[in-house]
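A.B. asks: Take these sequences, add in the hints, and give me the full structure.
Protein sequence lines correspond, in order, to chains F and G. In terms of this note's numbering, the first sequence is residues 1 to 473. In terms of this note's numbering, the second sequence is residues 1001 to 1265.
Hints were generated in silico from the structure; no laboratory data involved. Some hints here could point you the wrong way.
Chain F residues, not near chain G, derived (Cβ > 12 Å throughout) [claimed, not checked]:
#, residue
1, S17
2, L78
3, V94
4, V222
5, P335
6, F340
7, A379
8, D383
9, R402
10, L412
11, W423
12, W457
Stretches of chain G that chain F covers, calculated by requiring three or more beta carbons in the stretch to come under 8 Å of a beta carbon on chain F [said to hold, decoys possible]:
#, segment
13, 1177 to 1183
14, 1204 to 1212
15, 1222 to 1230
Quantities reported herein were computed from a predicted structural model and do not represent experimental measurements. Backbone N, C-alpha and C fix where the C-beta goes; we use that ideal spot for every residue, glycine too.
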Amino acid sequence: MSEQSSIPGNSRPEPLSLVWRFFAAPPTLLVLAAILAAVLIVSQVVPQIPPEAADDPRAWLAGQPGVLGGSNGFLQALGLFDLYHAPWFRLLLVLIGLTLFVWAIEAAEIAWRASRGRWTPAQLGDVTLWSRQPLQVRLPSPLAPDDTRDRLDEVLAGDRYRRTEVDGLPAPGVVASRRAAAWWAQALTFAALLLALLGLAALAIWGWEGKDWRPAVGEHWVVGHGTPYSIRLDAFSPAMGNSSGGSAAGRSESQVSWLEADRPLHQATVSAGRPATWHGLTLRQVGTTQAVTIRGSNQAGRPLLFQSADEVASPAEEITIAFEADGAQHLVLLPNEDRFLLFSLEQEDMEGQPSVRVVLLSGAGGERQTLGVLQASDALRVDNLTVNVSLAVRPVLRVDHRPGMAVVVGGLALAVLALAIGWLAPPRLVWLAIAPGIECPTLVHVLSVGGAGQVFWFSGLVARLREALANDR
Amino acid sequence: MTAEGWAAVIAAMLLAAAFVGGSLAKGRRWPWLVLGLRAGAAAALVLAVVWLAMAQGFWSAADGRQVAAGLALSVVVVNLLLGVWHPSMRTGGAGPAADALAAGLALCIVLLPAPDATLQRPAILSQVGWILTLLGAGTLGVAGSTALTLGVRAALVSRGRGALWPPRANLHDFLYRATALACVALGAGLTIAVWWAWRTSGSPDGGDPRQVWAAAATVLAVASLWAARLGRQSGRWSAALAGVAAVLALTGLLAGVDVQQAMTF
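C.D. replies: Structure follows, in C-alpha cells:
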C-alpha cells in the first residue's frame, strides 16, 4: 500500500524460541516445498531402484545405461537412485512435518482469536509478524473520532464484518473479521497435511509388502513377516472379455482362505480394487497372468523331459511356468534333445487377449524358429517331437500391511476439503486504530494480513471506508 | 482429417482470433467479442473431447490426444468462468496468454499420435481422478498465463506502456483465485489416485509418472498460495511459483511418460 510504517507490538513474546520463529517463517515453508517438488521431478528423471530389485540393488544399478545410469558414482553418492529412502529425504520430510506443525498451531491461534474476538495489541503484532509485512494505510477523516468510528462501523456492518473493540494498538480501535470460521480451514489444511505425513511415516516404519504370488488353485502361500498365517487359493474365475474395466461382469475373482497351521480361519473373495483384510493384513489381486504347462512325447510315444533354465529343478515330464509381466520370457531345456524352447508372453490384442510365443532354439548357433503364437492350448510339432502347451490364467496376489494408508488418504482428503473452503469463502481480518490527527481531526490506521493475494479486497475495503469518511452528510 | 481433428483446428483458430482481439483490446465491444470467441472455442473443444472418447469407446488418460483435449478445454472454460465470475476482470480473464496456451494444446490433439497399443477401459474412479487432475492442470495453466501477463505488464509499465493493462492488484487476485482452484482440483485428483492405487496395488504410488509430475506441480501451487502472504515481493514469488507449477503440470501430463523413457535409454 501507499503508506508503510513499523507496527507496534511486533516483537514476539517469550517463550517462543528462535527455532519456532524459523519454522513459522514463510520462506522456510516455501524453500522446503520447492525442494520437495524438485525431489519429485528428479525421481522421474533419474531411474529409481524398483521394489523387486531391492534385494540386489547393485546388480540393478549395473544394468542401467547412459549418463544417468548406475555407473554415475556422483548420483549414487547422493542416493539419487533411491531417493525416497535416502536419509536426507527423510530429514526433509521431518523438517516439513515440523513446519506444518508450527503453522497449524499459528493458524489455529489466529482462528481461535478471530472467532472469539479476543485480541490484545501484542497478539495483533504476532499475527502481523506471521504475515511478515502487513497491508496498511492511513485514512485522514474530517470527522471527530466518535463520528469516524460510527461511519466506519456502518461500512463494516454493511460488509457483514464482525467487530471487536480493542484497547491499545497505537490507539483504541476495532478488530473486524468476516467469515471468521474459515480461518479454521487454514489451520485444518496444515494439520491435515501433517496427518498425511505422519501416515506416510507409519507406512515407512511399520508397513511391508510381500512378493507377488501367482498360484494355481489349491496352492498355499506362507505370509511370513512374523505372522502365523498362510493363504490358500480355493477358486479362481478369470475375467470374461476385456478384464480391466472393473465392471462386475468382466472382473476376475479369487476365492481364498486364510489359514493358521492348515486350519481355515476365514474365507474371502478378492478382485482388482476389492482387497480383503484379515487382522491388519490385506490381500489384493493386483492382476492376472498366463501360466503355461508343458508336456510332450517323442515319435515312439515316450514322454519328453523338460527343465526350466530359470529355476534349480531336476528335469520333469511336466513343468509349469507363470509369467511375471508382458514381455517376460522363460527358457525351457529339452535335456535329451539338445534343444531349448523360449516362451514369451506378448501384449494383449484388440480383444484384450494375451498370447504366448513359442520359439525353438537349436544348434550351436542358436537358430530361432517360431513354432507358434498361442492364445489357447495347442500341440506343437518339433521335428519328430510333439509338445503339448496348455495355457491357463492365474491371479497375481499380493499380501501387504499398510498401517498408515487410511491416515494418508484421510489427511489428503481433509486438506483438499479445507483448501476448497478457503477458496470458496476466504476469511478476512482487518484492524482499525482511530486516533486524533495532527493535520486532520481524526486519523484512521487500517491494517491487515499482508501479501499480494490480499491487496485486491483490502484496496476495495479501504476505498469504501475512504468514501464513507469523505461523504459529507 | 478426423472429425475431432477438425474440431480442434476450429478451436485453435477461434482461440488465435481471441488472442489477437485480446491483444488489441481497443473499444468497448472488443472484450465481448473475445468472450464470444472463447465460448465458441470451448464448444468446439467439447465436441473434440466427445468424438475422441467415442472413437476410443471410452475416455482414457492413456491417450495423449484425449489428455491434450481435456487440458485445452479446462484452460478455456476455467479462464472464461473465472474471468466472468471475478468482480473486476469480467471479460479479461488471464488475458491473451491463456488463449495462446489453449490454442497450442488444441493443436496437440492433431499433432499427437493415436495410441499404438490397445487401451484398456479404466475404472470409473480412476477416470474421475484423471478428470480432476486435468481440470487442476488446466486451471494451473490459467494461473501460469496470468503470471506471464503480470510479467509482461511489469515490463511494459517500466517502459511507460502498460496503461491499457488491468491493474496489478486485480491480476494478483485473479492469479490467487486460479491457483487456489487449481490446488483444490489437483489435490482432489491426486487424493483419488492415491486411494485407487492403494485399493488396487496397496501402494500410494499408482505407477504413472504423470501423477508424480502433477504432485510436484501441486506442491508448488500450494507454495504459490503461501508465497502470496510473504509481504514484500510476495507477488513476484507467487507468480513465479505458479508459472513453474503450470509448466510442470502441463509438461508432465503431456510428456511425463516420454521423459522417463528418454532418461531410461
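A.B. asks: All hints are to be evaluated individually against the structure, with a verdict given for each.
C.D. replies: Checked hints:
no., hint, result
1, S17, "holds (22 Å)"
2, L78, "holds (16 Å)"
3, V94, "holds (17 Å)"
4, V222, "holds (18 Å)"
5, P335, "holds (37 Å)"
6, F340, "holds (28 Å)"
7, A379, "holds (29 Å)"
8, D383, "holds (35 Å)"
9, R402, "violated (6 Å)"
10, L412, "violated (4 Å)"
11, W423, "violated (4 Å)"
12, W457, "violated (7 Å)"
13, 1177 to 1183, "holds (count 4)"
14, 1204 to 1212, "holds (count 3)"
15, 1222 to 1230, "holds (count 8)"
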